[in-house]
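Asker: Let's have the full structure, built from the sequences with the hints guiding it.
If you read the sequences in order, they're chains A and B.
Here the working numbering is used: position 53 in the first sequence is 53, and no number is missing along the way.
Here the working numbering is used: position 360 in the second sequence is 360, and no number is missing along the way.
These are computed hints drawn from the structure, not numbers from a lab.
Just so it is clear, the structure is predicted and the values come from calculations on it, not from any experiment.
Any given hint could turn out to be false.
[As the list claims (entries may be wrong)] Straight-line alpha carbon distances no greater than 30 Å define the calculated DSBU-like cross-link-like pairs of lysine-lysine that follow: (1) B:Lys10 with A:Lys3; (2) B:Lys46 with B:Lys131; (3) A:Lys11 with B:Lys131; (4) A:Lys67 with B:Lys220.
[Stated by the list, open to error] Sample of chain A residues with no beta-carbon within 10 Å of chain B, all distances over it, derived: (5) Ala17; (6) Ser18; (7) Lys19; (8) Ile20; (9) Thr24; (10) Asn28; (11) Thr62; (12) Val63; (13) Ala64; (14) Asp65; (15) Lys71; (16) Gln72; (17) Ala75; (18) Lys78.
Ideal Cβ placement from N, Cα and C applies to all residues, glycine included.
Below, each chain spelled out in residue letters.
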Amino acid sequence: MAKSVEEVLAKVFNMEASKINDITSPSNTEAWDSFNGLLLVTELEKTFDVKFTIEEIVGVKTVADIKKVLKQHGAEVK
Amino acid sequence: MTKMDFKTAKKIIFDLTANRGSVADYINLAKEIFAANFELPEYVRKIKVAFLSNFTILGLPEVFKAKALFHNIAAETYQGTYNQYAQEILNPESGLNKFKPKLIYFLVDYSDVDKNQITQLVEKAGENGAKVVLIDDFSDFKEHWYTKYKDLGDMRLALDAFPALAEKLVGTAVAVSGATKKCLVLDLDNTLWSGIVGEDGADKVVPNKKLQEHILNLYKTGTILAINSKNNEADAMEVIEKHPDMLLRKNHFATWQINWNDKASNIRAIADELMLGTDSFVFVDDDPFQQSLVAESCPEVAVMHPDNLIGYVGFSSAKLTAEDERRGEMYAEERARRSVQSSLKSVNDFLKDLKLEVTIREVKADSPIIPRLSQMTQKTNQFNMQTVRWSEGDIKALLSQGNRMWAIDAVDRFGDYGIIGFLSASPEDKSVWVISNFLMSCRILGRGIEKSFLANLIKSARENGVAELIGEFSPTKKNKSLCEKFYLENNFKAIGEVNGVFRYHYDFTKDYPYPNLVKVNFA
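Answerer: See the structure below:
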């Protein structure tokens with residue numbers, strides 16, 4: 001079943017999913033600090049049943065990047 | 001969103017435990033609990049807990065907090081500054097030392113620190129009375145140890161491991177704060193055995209061996225067992241008494257409610273019969289309806305599916321004493337006593353027939369029973385005049401200041417109860433004694449033991465030339481019914497109330513003999 005990246009971010013950053021879009025990034029989201037960034041990685045891996053590499057994690061800058069990486073892993077993203 | 005209160009929070013933790021909730025779920029819940037700042041029921045224990053580590057454990061305190069609430073523990077947490085554990089411990093002005101934790105979890109990876117230094121720090125950290133738990137073995141978390149998170153933020157333990165780790169850690173908090181569960185209430189069909197006895201037949205059900213082994217171990221370490229099942233008693237007993245693969249038998253259970261009443265009422269009936277508070281109860285049932293019925297009407301009870309019992313840490317106790325090891329057995333013996341009670345003509349005949357003997361001993365500073373006495377002050381709620389909790393150190397300090405203390409133990413024809421009461425008298429001056437602690441295990445009340453204990457105190461007071469003996473009663477929800485009138489009914493006169501503490505004065509002109517139903521020995 002396809003799952004929503006926005007909903008995972010909303011849960012981790014404790015904000016409304018409707019306020020999250022493809023350009024959401026650490027620079028425009030106060031709650032996206034380094035700890036919550038790692039929490040997000042954990043939550044995404046659990047939700048989409050994938051394992052990211054360090055390079056992927058370091059390379060991700062926006063929500064659009066997250067979706068791209070997830071699709072490369074074959075995850076079904078809503 | 002539902003309004004966050006204690007009951008809702010516990011329900012959420014129950015769901016997270018059953019469905020393997022993620023770290024983010026727990027952290028969010030901890031934040032919501034903190035933000036809601038709801039009122040906590042009286043039975044929730046508060047404890048200050050600190051976390052120190054030589055690697056990043058951000059998030060662990062929050063997960064711990066959420067987990068602890070399920071055990072009726074409200075944890076206030078402190079997290080040491082990253083990698084500053086030595087300064088935190090050694091500097092008297094550090095955040096840690098100002099926080100004054102009761103419990104410190106020290107998580108250490110030896111790959112880049114000196115083991116001897118850590119040992120010394122652990123010792124030092126415990127000097128202010130905190131219990132220090134060193135966690136240096138992560139072999140249970142191999143999959144989570146030194147993953148990519150190590151390089152991303154010195155998280156040597158991946159976040160994913162926190163729920164399971166926190167669950168393990170909470171066991172110590174349960175023990176230290178005295179929130180130890182005492183009674184395990186069990187469903188039968190599809191819990192103790194697979195199958196439904198009323199439908200499948202007693203010889204067709206299959207006892208759940210692994211679970212029963214675990215429960216038997218809990219029984220051996222002092223957990224009281226009870227049954228709460230919708231069945232015909234005869235059907236259920238046929239399995240319990242006759243099925244060749246049952247490990248748990250009738251004699252392991254202190255009581256049972258096998259009937260068609262609702263399970264919440266049954267739990268209350270069990271609690272009344274055993275004279276225990278339901279906040280020390282765990283209820284295990286496979287049926288989600290029964291789980292939520294009980295969780296809804298008794299939020300203080302820890303409710304869980306049988307699959308979650310084996311990893312549950314709520315039965316952890318600070319120190320296993322000889323009485324603990326026998327408690328499950330003692331309550332089962334108690335059931336045999338009660339069945340004698342109903343077949344005898346009068347209570348007095350019953351008491352005589354018990355052949356009850358007590359032994360009173362004075363407590364000295366080197367007495368080996370001090371840990372047990374401290375534990376009793378922590379755990380006894382119902383017959384406990386002041387409900388003051390004393391550590392072993394407190395007891396020793398009071399003895400060195402001239403307090404006199406006595407312990408009482410009891411034995412009858414059904415078995416040995418061990419130590420069942422504690423009494424302390426503090427001299428205000430040479431001629432005035434104040435009873436500063438007086439508690440009895442409530443399973444033996446009403447047989448003259450408490451009167452024997454008081455008679456001994458009055459005798460000692462007379463022998464020591466005491467002119468005034470004062471008793472005190474501080475009401476709580478739990479001690480009211482047993483303690484409120486106790487002094488008044490035993491030759492004491494009320495002399496007033498100060499700050500919610502009622503005081504009573506003993507009338508030395510009256511005789512206070514040992515009750516004749518109890519044989520009193522002195523050790």
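Asker: It remains to establish, for every hint, whether it holds in the given structure.
Answerer: Evaluated hints:
1. At roughly 27 Å between alpha-carbon atoms, B:Lys10 and A:Lys3 fall within 30 Å of each other, so this suggested pair holds.
2. In summary, the hint linking B:Lys46 to B:Lys131 is supported, as the alpha carbons are separated by about 15 Å, within the 30 Å threshold.
3. This hinted pair does not check out: A:Lys11 and B:Lys131 have alpha carbons roughly 35 Å apart, beyond 30 Å.
4. Between A:Lys67 and B:Lys220 the CA atoms are separated by roughly 54 Å; this puts the pair beyond 30 Å, and the hint is violated.
5. For A:Ala17, the requirement that its beta carbon stay farther than 10 Å from each beta carbon of chain B is met, with the minimum near 14 Å.
6. Interface exclusion of A:Ser18 from chain B stands, the closest Cβ pair being 16 Å apart, more than 10 Å.
7. With a closest Cβ-Cβ approach of about 17 Å to chain B, A:Lys19 is found to remain outside the 10 Å limit, as its non-interface label requires.
8. The claim that A:Ile20 lies off the interface holds: its Cβ sits roughly 15 Å from the closest Cβ of chain B, which is beyond the 10 Å cut-off.
9. The Cβ of A:Thr24 lies farther than 10 Å from every Cβ of chain B, with a closest approach of about 17 Å, so its non-interface assignment holds.
10. With a minimum CB-CB distance of about 21 Å to chain B, A:Asn28 clears the 10 Å threshold, and the non-interface call stands.
11. A cut-off of 10 Å between C-beta atoms confirms that A:Thr62 is not in contact with chain B; the least separation is 18 Å.
12. For A:Val63, the requirement that its beta carbon stay farther than 10 Å from each beta carbon of chain B is met, with the minimum near 16 Å.
13. With a least CB separation of 21 Å from chain B, A:Ala64 remains clear of the 10 Å interface cut-off, as annotated.
14. Its beta-carbon lying about 16 Å from the closest one in chain B, A:Asp65 satisfies the requirement of being farther than 10 Å from that chain.
15. Residue placement check: A:Lys71 keeps its beta carbon more than 10 Å from all beta carbons of chain B (closest about 20 Å).
16. Distance to chain B confirms A:Gln72 as a non-interface residue, since its nearest Cβ pair spans about 17 Å, more than 10 Å.
17. Under the 10 Å C-beta cut-off, the non-interface status given to A:Ala75 relative to chain B holds; the minimum distance is some 16 Å.
18. Every CB of chain B is more than 10 Å from the CB of A:Lys78 (nearest about 18 Å), matching its label as outside the interface.
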